[in-house]
Amino acid sequence: MDMTEFDDVPGADVPLDASDVALLARVAELDDRLDPAPHGLAERALFAMTLAGLEAEVMELQVVETPVGSVRSDAPVETRTITFTHERLTVMIALSAGAAAGTVRIDGWMAPAEALEIVLRRPDEERATLSDEDGRFVLEDVPRGPASLLVHQGETPVTTPVIEL
Amino acid sequence: MGAGTGERGRRDAALGSSGPPESATTGSGSITHTTRGAMTRPAETSSLGDRAAVAVIEYREGRPGAMTDFVREASPLLWRTVRSQGVSREAADDVVQQTWAALVRHVDSISEPKATLKWLLVTARRAAWEAVRKDRTDDMRRTGLPDDDAETATTLPDPAPGPEAELLRNERDRTLWAALRELPERCQELLRLVSLADRPDYRSISAAIGMPIGSIGATRGRCLAKLRTVLTERGETSWT
Numbered sequence: 001m002d003m004t005e006f007d008d009v010p011g012a013d014v015p016l017d018a019s020d021v022a023l024l025a026r027v028a029e030l031d032d033r034l035d036p037a038p039h040g041l042a043e044r045a046l047f048a049m050t051l052a053g054l055e056a057e058v059m060e061l062q063v064v065e066t067p068v069g070s071v072r073s074d075a076p077v078e079t080r081t082i083t084f085t086h087e088r089l090t091v092m093i094a095l096s097a098g099a100a101a102g103t104v105r106i107d108g109w110m111a112p113a114e115a116l117e118i119v120l121r122r123p124d125e126e127r128a129t130l131s132d133e134d135g136r137f138v139l140e141d142v143p144r145g146p147a148s149l150l151v152h153q154g155e156t157p158v159t160t161p162v163i164e165l
Numbered sequence: 166m167g168a169g170t171g172e173r174g175r176r177d178a179a180l181g182s183s184g185p186p187e188s189a190t191t192g193s194g195s196i197t198h199t200t201r202g203a204m205t206r207p208a209e210t211s212s213l214g215d216r217a218a219v220a221v222i223e224y225r226e227g228r229p230g231a232m233t234d235f236v237r238e239a240s241p242l243l244w245r246t247v248r249s250q251g252v253s254r255e256a257a258d259d260v261v262q263q264t265w266a267a268l269v270r271h272v273d274s275i276s277e278p279k280a281t282l283k284w285l286l287v288t289a290r291r292a293a294w295e296a297v298r299k300d301r302t303d304d305m306r307r308t309g310l311p312d313d314d315a316e317t318a319t320t321l322p323d324p325a326p327g328p329e330a331e332l333l334r335n336e337r338d339r340t341l342w343a344a345l346r347e348l349p350e351r352c353q354e355l356l357r358l359v360s361l362a363d364r365p366d367y368r369s370i371s372a373a374i375g376m377p378i379g380s381i382g383a384t385r386g387r388c389l390a391k392l393r394t395v396l397t398e399r400g401e402t403s404w405t
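Which chain is which? The protein sequence lines are A and B, in order. Going by this note's numbering, 150 is the number at position 150 of the first sequence; the sequence numbering is gapless. So the mapping is simple: this note's numbering equals the position in the second sequence, first residue as 1, plus 165.
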């Protein structure tokens, strides 16, 4: 970046004082109000780190661009459909309220359709299921919170980012 | 990569398991606390960069507590870094996750733990550019005729969610927001990031975003001086 345009900014060499610190605090406060970090971001990151430490190698699926708020916990669970994709595999999941209170039902479809082992990973639980030959799978009564799906396809497992159920 | 996967797995398993969840009880308030904390923590002697170094060293030794704390403290800074590159809120969540996951994968190859903060910022920015590039490629694929849509394809995502006007509560806020946006993008980014860190971190932050502006920690620095000049031009006489 060409910084020469700033060379003659008055006061650039003045030591940082209390009002500078206060101005920076205003910048932080304004940013936090206009664009706050999402609820649970650090907890999802911690779980992603735990998973990264467990896996030798995975292929990470990308979330296909969806309307704002539909993937994370901002939206009512009933309305959420999330698509993950990678050149090798596309996974779509629909979330709905589970039979037990506070839980989520996950209906999934995979393309290409194949019977594969799918592992739902949560901070305190792993649960495996199998997709049918049409690539469909169901996970019932999943507690809310951070979760990731791992699909055993080929030599390198495929995983989704950590999402908030 | 140094140590075996098994060893990493064992020590990672405890990440996040100690202490209260970031926001389970206090909602977004805890994030506000984190973002303001750097400025309102007079008793704090170490910097974010120091705590990053301690977190990495202890994590390698199988003690993940400091790393867990550091992830909670520094995630808002990574969020701001990624968002400053024009990544959508949705994709930014994943980029921040990827950055932390990359730290775990590379933790044994970080030869200078003191440089961890800079490493994180550089990694987050690169991953953010990749996400933006991929997004644009997808957009062009969808629109088919990129030339017709050149403007939308190159427009950065809205930097803020929702209507800004409602969130900018008063004239002072509006003046500051407008003044910030008059600065060059990298100046805006620098000020946003240093506003979330500690004074000793300013140098590594400016280095991480490629602005060789000397010691912003010792002097006000051009970006902050410029912001104050713009604010004065806009008629704000008191900055606090």
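In case anyone wonders, no lab produced these hints; they're calculated from the structure. Wrong hints could be hidden among the right ones.
Claimed, not checked - Have a look at the derived ranges for each label pair, beta carbon to beta carbon:
1. A:Gly11 / B:Glu331: 51 to 57 Å
2. A:Trp109 / B:Lys299: 20 to 26 Å
3. B:His271 / A:Gly154: 54 to 60 Å
4. B:Glu401 / A:Val119: 25 to 31 Å
5. B:Glu350 / A:Gly154: 27 to 33 Å
6. A:Asp124 / B:Thr340: 20 to 26 Å
7. A:Asp13 / B:Arg346: 21 to 27 Å
8. B:Glu398 / A:Ala22: 35 to 41 Å
9. B:Glu295 / A:Glu155: 20 to 26 Å
10. A:Gly102 / B:Arg291: 34 to 40 Å
11. B:Glu350 / A:Ala22: 33 to 39 Å
Virtual Cβ for every residue (Gly too), placed ideally from N, Cα, C.
Hints, one by one, checked against the model:
Between Gly11 (chain A) and Glu331 (chain B) the Cβ separation comes to about 34 Å, which falls outside the hinted range of 51 to 57 Å. Here the CB-CB span from Trp109 (chain A) to Lys299 (chain B) is close to 23 Å, well matched to the stated 20 to 26 Å. For His271 (chain B) and Gly154 (chain A), the hinted distance range of 54 to 60 Å is not satisfied, since their beta carbons lie about 25 Å from each other. Taken as a hint, the range 25 to 31 Å is violated for the pair Glu401 (chain B) and Val119 (chain A), whose Cβ atoms sit roughly 56 Å apart.
Between Glu350 (chain B) and Gly154 (chain A) the Cβ separation comes to about 41 Å, which falls outside the hinted range of 27 to 33 Å. Range check, Asp124 (chain A) to Thr340 (chain B): Cβ separation about 48 Å, and the 20 to 26 Å hint is violated. Here the CB-CB span from Asp13 (chain A) to Arg346 (chain B) is close to 25 Å, well matched to the stated 21 to 27 Å. Between Glu398 (chain B) and Ala22 (chain A), the C-beta spacing of about 19 Å breaks the proposed range 35 to 41 Å.
Judged by the Cβ atoms, the range 20 to 26 Å given for Glu295 (chain B) and Glu155 (chain A) holds: they are separated by roughly 24 Å. Under the hint 34 to 40 Å, the C-beta atoms of Gly102 (chain A) and Arg291 (chain B), about 39 Å apart, fit the expected range. In this structure the supplied range 33 to 39 Å is violated for Glu350 (chain B) paired with Ala22 (chain A), their Cβ-Cβ distance being about 24 Å.
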